[in-house]
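Student: All chains should be modelled from the sequences, with the hints used to inform the complete structure.
Just so you know, the protein sequences line up as chains Z and V, in that order. Under our numbering, the first residue of the first sequence carries the number 1, and numbering increases by one thereafter. Under our numbering, the first residue of the second sequence carries the number 1001, and numbering increases by one thereafter.
Misleading hints may appear alongside valid ones.
Computed far set for chain Z versus chain V, every beta-carbon distance over 12 Å [unchecked claim]: (1) Glu15; (2) Ser26; (3) Thr27; (4) Asn31; (5) Gln58; (6) Asn71; (7) Arg97; (8) Asn109.
Computed cross-link-like contacts, SDA-like style, restricted to lysine to any residue with a CA-CA straight-line distance of at most 20 Å [said to hold, decoys possible]: (9) Lys69(Z) x Glu1099(V); (10) Lys36(Z) x Gln1098(V); (11) Lys36(Z) x Gly1038(V); (12) Lys1052(V) x Lys36(Z); (13) Lys36(Z) x Gln1044(V).
In short, the hints are calculated from the structure, not lab data. Values in this document were obtained by computation on a predicted structure and should not be read as measured data. Glycine included, C-beta positions come from ideal geometry on N, C-alpha and C.
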Amino acid sequence: GQQVMQIPQYQHVQEGEDFTTYCNSSTTLSNIQWYKQRPGGHPVFLIQLVKSGEVKKQKRLTFQFGEAKKNSSLHITATQTTDVGTYFCAQETSGSRLTFGEGTQLTVNP
Amino acid sequence: AAGVIQSPRHLIKEKRETATLKCYPIPRHDTVYWYQQGPGQDPQFLISFYEKMQSDKGSIPDRFSAQQFSDYHSELNMSSLELGDSALYFCASRRTAQETQYFGPGTRLLVL
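Tutor: Structural data, given as structure tokens:
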């Protein structure tokens, strides 16, 4: 079953607004990865978080891993139309398989 | 830079037919993963191979089988296709001890 819950399922924003997606787990996560999938495309790795309380930034994207390693978030500042897509969190579990959250589909109105 | 190659990109089959999907990993990547993504859903892990041996198995139906060959390419064989098998099938590859799985462009399978 799904180990990582992700919200919201959909998010519509105006260009320039901020966007955040959240992943939550009932159990402690050893790591969390984030992927972006453009419409009609394939998942593209964005980042991996491993340490409790870790915060990483990539330009307008900020990734956080909770202190208890049970939640994570991806925040995009001042969205652009190029940010459109579905953002997935994923946990790498035994055997290195990825278990994905349900994803948040982001649309940006210009 | 070289990426994961999947073929065919699109495939249309009838119910009860068979299909073979191919994956060519990035050079020097020794692990291959297969994922199935239904419409509007997240990718679901099917199976993986490391150094030509099956390394992990997920929710792969018994009608499906897969293998990795000596040149590291992998094939997913699907028999007795059902309507519910219509999905995007992604192959991903990785080099041991690196964190990133690189996904191929996917094969879109439609079963009629």
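Student: Next step is simple, just say for each hint if it's right about the structure.
Tutor: Against the structure, the hints:
| no. | hint | in the structure |
| --- | --- | --- |
| 1 | Glu15 | holds, 24 Å |
| 2 | Ser26 | holds, 18 Å |
| 3 | Thr27 | holds, 18 Å |
| 4 | Asn31 | violated, 8 Å |
| 5 | Gln58 | holds, 14 Å |
| 6 | Asn71 | holds, 18 Å |
| 7 | Arg97 | violated, 4 Å |
| 8 | Asn109 | holds, 21 Å |
| 9 | Lys69(Z) x Glu1099(V) | holds, 18 Å |
| 10 | Lys36(Z) x Gln1098(V) | holds, 19 Å |
| 11 | Lys36(Z) x Gly1038(V) | holds, 17 Å |
| 12 | Lys1052(V) x Lys36(Z) | violated, 29 Å |
| 13 | Lys36(Z) x Gln1044(V) | holds, 16 Å |
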